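**Q** Residue strings, one per chain:
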Amino acid sequence: METNELNVSMTNGQAVLQEAKVLVENLDFWYGTNHVLKDVSLDIRANKVTAFIGPSGCGKSTLLRCLNRMNELIPGTRLEGRVLIDGRDIYRNADPVMVRRRIGMVFQKPNPFPKTISENVIWGARVNGYKGKENDLVEKCLRKAALWDEVKDRLNAQAYSLSGGQQQRLCIARTLAVAPDVVLMDEPASALDPIATAKLEETILQLKERYTIIIVTHNMQQAGRISDRTAFFYMGELVETDATDQLFTRPAQKRTEDYITGRFG
Amino acid sequence: MASSQQYDERLDSRRRRGLIFSGLLFVATVFGLVVLITLIVDVVMQGAQWLGWDFLTRFPSRIPERAGIKSAIVGSIWMILLTAGISVPIGVASALYLEEYAPRGWFLKLIQININNLAGIPSVVYGILGLVLFVRFFALGRSLLAGALTMALLILPIIVISAQEALRAIPSGIRESAFALGATRRQVVWSHLLPMSAPSIMTGVILALSRAIGETAPLIMIGALTFIAFLPTSVLDPFTVLPIQIFNWTARPQADFQSLAAAGIVILMIVLFLMNLSAILLRNHFEKYRSR
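So the sequences go chain by chain: A and B. Quick note: the first sequence, position 142, residue 142 per my numbering, numbers continuous. Quick note: the second sequence, position 230, residue 230 per my numbering, numbers continuous.
Derived by calculation from the structure, the hints in this document are not laboratory data. Values in this document were obtained by computation on a predicted structure and should not be read as measured data. Just so you know, even glycine gets a beta-carbon here, dropped at the ideal spot from N, CA and C. All clues given are correct.
Which residues of chain B face chain A? A partial, calculated answer using Cβ under 10 Å:
no.: 1; residue: 172
no.: 2; residue: 174
no.: 3; residue: 177
no.: 4; residue: 182
no.: 5; residue: 191
no.: 6; residue: 192
Restraint-style ranges between C-beta atoms, simulated for each label pair:
no.: 7; chain 1: A; residue 1: 108; chain 2: B; residue 2: 168; range: 14 to 22 Å
no.: 8; chain 1: B; residue 1: 168; chain 2: A; residue 2: 30; range: 20 to 28 Å
no.: 9; chain 1: A; residue 1: 75; chain 2: B; residue 2: 114; range: 17 to 25 Å
no.: 10; chain 1: A; residue 1: 243; chain 2: B; residue 2: 114; range: 52 to 60 Å
no.: 11; chain 1: A; residue 1: 26; chain 2: B; residue 2: 133; range: 54 to 62 Å
What the simulated footprint calls covered on chain A by chain B, stretch by stretch (three residues with Cβ under 8 Å from a Cβ of chain B suffice, anywhere in the stretch; the number is not a length):
no.: 12; region: 69 to 75
no.: 13; region: 104 to 111
no.: 14; region: 122 to 133
no.: 15; region: 167 to 176
The shape of chain B in the complex, shown without the other chains (with noise of 0.2 Å):
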């Protein structure tokens, strides 16, 4: 009985504790909240005067009240739809075999330690060897077609590994009565591996464009234009995109380009805003394939 006695006497600090632990979690959340909010809230009242129609459907210029940043969305746009085409393909191509059809071994587990050193490879790193290889190697000059190479080679170890994580988290039993039911590897793949692995693909692929979006140092280095005032017509052309525009205005001496600058990083965050949204669409959309 006395031992009893002596386990409620601890419930008040336990439960103490307990509160005082949530509180914790609470104040981190809060801290980066207000740090977020602080940042967006300045930079949105600082290029709040120059966000418009005109804004948003003008050439860069070098008299602050005729520049726009029509040329940047426009190859911010190009650059994420030819990044995505090429390494989204790849990427979960590369995550089937190693997950689905490579032998076990060493060798499997040596390509895995090296694509995961990958994904955390600086990204200027990449922008050399796009210089190397697709400006200069395959003469694709400083084209969008080689930034778009460029960038999906910097997301590609992260698809692949995220898309690793999808096809792992697939039950063994599905595999296993599907492979019982005669199946050959590539049906179970696609009837079942692929569509359930999908909405979990989707998640990895948003968060890997994101970074691709806002990334500047590897199309520095491969020379993407800071001026472009005409639009790219195929993707071998010259191109420029949001990140590169703002981090031109931004290194201008004159107060309008900073401000100029605030209103580029609005769209910017609007853009990849209007991004994630269509991409969490479309993975609610392939959800449902395995709603229970």
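Okay, chain A solo, but in the shape it has when bound (with noise of 0.2 Å):
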């Protein structure tokens, strides 16, 4: 296999040598004609949590989207640049199929299968052709993502007999059958109320031991509270990226300041 790619990069004036898990080099992305993400260059870490911010309509979504090749599916895209997960272009020699399998993806709004709740988590798993117990599977993937407990009982149950947070952690649990490095997050808790956005957050906090999670999020005391590193991305630029620590207390850039102060956005 390749090694992975190592880039230095400047936090604070200090010279940081890490592991890349996903690099974005120079990308540019359009919708038809709309251009909108430009000449974005992003790292990002290793079993980390990182958080894209910014007003809507900035193209942190877009970018996530960009991060799994799920932008591919809407016609009439376009994308320049590279994305390269362990150092390898997702773009260029890669089935799509494969890197959607290797990078899981929860969505903004809960969108469970219209199947059984173990069902739901063992569906992904047997179409990329999983062949150990299904039970095991199951419950592995269901105390990964703190849903077990609530639904041992009645794994046979319809998923959308769960609450809307339920089936956000059941979202998570499907994902993580299919044993993904990387899991994207678009908006997971934007759904949610604030007990089952603070459960989710708890799942977020154990999951990164295992995993690399990427989340964007409207909301910055949720970007505060559960990401390492934080992006701030307006009108398709990436304008700041840096610990989330420093982001938030010293921000580099104005734009940056203007918008977590509230200012704007």
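Put the two chains together into one complex; each comes in its own frame, and the hints tell you how they fit.
**A** The structure is reproduced here in structure tokens:
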């Protein structure tokens, strides 16, 4: 296998040598003629939670969808630049099906399949050719998503019978079942109440031990609570990326400061 | 404060208009029902004297007392089964291709417009096509197969359009999350899209087949016979169907044949009702899949 790409990034004046799990290089993206990502370069580190913040329409969700080639499913899009996962370009000589298996995604609205709880977890594994014991995998994934205790007695109930927060954690369990390295989350808590959100955030913090997590959020407190690093986007450009506590206390850019202090957006 | 009072004054007239509107809707519904019930009662009363087991089990005859509708019932059932067997797989497959696989662009739009237009072409035109293509060119003769192929062409656009609409109604989150798990398009189609759209597709199929069972013109065009005193044993045999038998009886001058036609219409309605009922039961069975 190829070696992991090493890259040096500057954090508050200190040179830090870090493994880049995901490396975005000079990425441009268009919906038709609408230029939504402009020359974005970014590295994302393994086993960290990285938050993408910025006002609506700034391109943060689009970037997230570029990282597992979900944007290709929309007709009329165009991409330039490179996205490397573990040093390997996911757009050249790569199978999108394989890319999406390795880079899981949890969506804004909980969207379980209209099947039972355990079928929801097992389906992805099954279509990818899972050969092991299905019950074991279901339990393992539901435990990782902190849902096992709530559903272990009704694994054959319909997924729609769960609450919104439970459905979202079921979607996380479903994603983990195909053994991804990176989990992308697109505003996963925006449809949830505060208690369900707290539970989801707790789950995310547990997951970062084993997974690299990238989360898009509109909620700056949430970014502050769960992320190690934060990237601020504005009008399709990456304005600033830094350790979360740095970015929130001493932003380098005026636009970042204006946004996080609530002067716009 | 004055403006608030002004709004209250209008409340009475708004309520009155609402009542008039709902009254009009009720009258429209009653109008349709009354006409329909009158028709049914009239037909049943006229045909009642012939309805019975003998009518169902006898072949047509020149003597009204001996005439039955057996060959037409069997012909219609054959016809519907064959038509469904041909048009449903082709229609659903086309809809899947157009919705899920075909690259977007002007060519797809052109195809779409044409399919929509095909749904509006008079059925007799399909009959001419069937005569040229299936009866003569493929030399299938005046057979069940030629008739079923013609009928299948006739209802194909309806099935394609309704299946496309069923696929479009599936929330995009289902497709997205399935793809995000590393599923191939084929897996997404078979595991999610087809089962989820099956009830709506079934509704479209019911409507399409109900149209096919009542169609007469295209089958007259391809030369379905009006007098068949035997049952078809293969798809290449000549045949007749209920609407053609009814048409044949109404064309005769004797009053007895007129009432035989009425009895035939009652049978056609019963067959149609049974077909819709079974299709609805089948649809409800599929619907359990997405019960919430």
